[in-house]
Amino acid sequence: MTHTSRHVYLRMLGDGGPERSNCIIAERPSRIAHMKKGGKKKKGCSAINEVVTREYIINIHKHVHGVGFQKRAPRAFKEIRKCAMKEMGTPDVHINTRLHKAIWAKGIKNVPYHIHVWLSRKCNEDEDSPNKFYTLVTYVPVVTFKNLRTVNVDDN
68 MTHTSRHVYL RMLGDGGPER SNCIIAERPS RIAHMKKGGK KKKGCSAINE
118 VVTREYIINI HKHVHGVGFQ KRAPRAFKEI RKCAMKEMGT PDVHINTRLH
168 KAIWAKGIKN VPYHIHVWLS RKCNEDEDSP NKFYTLVTYV PVVTFKNLRT
218 VNVDDN
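So the mapping is simple: the working numbering equals the position in the sequence shown, first residue as 1, plus 67.
Possibly wrong hints are sitting among the right ones.
EDC-like cross-link-like pairs, simulated, lysine to aspartate or glutamate; straight-line CA separation at most 16 Å [unchecked claim]: (1) LYS199 <-> ASP159; (2) LYS149 <-> ASP159; (3) LYS189 <-> ASP221; (4) LYS153 <-> GLU122; (5) LYS189 <-> ASP159; (6) LYS189 <-> GLU122; (7) LYS145 <-> ASP159; (8) LYS213 <-> GLU122; (9) LYS129 <-> GLU146; (10) LYS199 <-> GLU117; (11) LYS189 <-> GLU154; (12) LYS189 <-> GLU117.
With beta-carbon atoms standing in for the labels, derived distance ranges [as the list claims (entries may be wrong)]: (13) ASN116 <-> ILE175: 35 to 43 Å; (14) GLU117 <-> PRO141: 29 to 37 Å; (15) LYS213 <-> CYS190: 30 to 38 Å; (16) GLY174 <-> GLU117: 33 to 41 Å; (17) PHE212 <-> LYS149: 17 to 25 Å; (18) HIS161 <-> THR217: 19 to 27 Å; (19) GLN137 <-> ALA114: 34 to 42 Å; (20) ASP221 <-> GLN137: 34 to 42 Å.
These are calculated hints, taken from the structure and not from any lab test. A virtual CB, placed ideally from N, CA and C, is assigned to each residue, including glycine.
Sequences and hints are given; from them, build the entire structure.
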């Protein structure tokens, strides 16, 4: 709220005007958050414990915009890793060598604007790992990115 709207609202409440130093400035009634009544949460099993593969298009350009030229390709990998962690819910992310070559194909500073990948959540076979699942990021070459959406992929 602006300074003038507070004064108007105080007068509207009838608190004796803005001169009073001990008055309480209340928020507007329209900004009060509405609470749900008596809603119960559903209990069910988490979808993070399933093995699944999804197709994604990652916009690398918005993540490396403004980054120095010699840090663009390394930053692209960090952002792909971060995106995979967020979407699949696993802190352990493995990047395929084809994706590595696709990012570095035009050098350190000319990374592709978009990248089409499969994110696969898989069971971890390594007994030493504290994580039950890991995410494998696989590169999918495409001619154009038009009309591509995020979809679930069959494991076949």
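Cross-check of the supplied hints:
1. About 9 Å separates the Cα atoms of LYS199 and ASP159, which keeps this hinted pair within 16 Å; it holds.
2. The straight-line distance between the Cα atoms of LYS149 and ASP159 is roughly 10 Å, inside the 16 Å bound, and the hint therefore holds.
3. Restraint check: the Cα-Cα separation between LYS189 and ASP221 comes to about 14 Å, which is no more than 16 Å; the hinted pair holds.
4. Restraint check for LYS153 and GLU122: satisfied, since their Cα atoms lie roughly 14 Å apart, inside the 16 Å limit.
5. Restraint check for LYS189 and ASP159: the C-alpha separation of about 10 Å stays at or below 16 Å, so the hint holds.
6. A C-alpha spacing of about 15 Å is found between LYS189 and GLU122, which places the hinted pair at or below 16 Å, so the restraint holds.
7. Restraint check for LYS145 and ASP159: the C-alpha separation of about 13 Å stays at or below 16 Å, so the hint holds.
8. This hinted pair checks out: LYS213 and GLU122 have alpha carbons roughly 14 Å apart, not beyond 16 Å.
9. Among the hinted pairs, LYS129 with GLU146 is consistent with the structure: their alpha-carbon atoms are about 10 Å apart, no more than 16 Å.
10. With a C-alpha separation of about 11 Å, the suggested pair LYS199 and GLU117 falls inside the 16 Å cut-off, and the hint holds.
11. Taking the CA atoms of LYS189 and GLU154, the gap is about 14 Å. The hint holds against a cut of 16 Å.
12. At roughly 8 Å between alpha-carbon atoms, LYS189 and GLU117 fall within 16 Å of each other, so this suggested pair holds.
13. Distance hint check: the CB atoms of ASN116 and ILE175 are about 38 Å apart, consistent with the given range 35 to 43 Å.
14. Distance hint check: the CB atoms of GLU117 and PRO141 are about 32 Å apart, consistent with the given range 29 to 37 Å.
15. Between LYS213 and CYS190, the C-beta spacing of about 35 Å keeps the proposed range 30 to 38 Å intact.
16. Checked against the hint of 33 to 41 Å, the pair GLY174 and GLU117 passes, with Cβ atoms roughly 38 Å apart.
17. A beta carbon spacing of about 20 Å between PHE212 and LYS149 agrees with the range 17 to 25 Å that was offered as a hint.
18. A hinted range of 19 to 27 Å for the beta carbons of HIS161 and THR217 is consistent with their spacing of about 20 Å.
19. For GLN137 paired with ALA114, a C-beta distance near 40 Å keeps the hint of 34 to 42 Å intact.
20. Between ASP221 and GLN137 the beta carbons are some 41 Å apart, a value that agrees with the proposed interval 34 to 42 Å.
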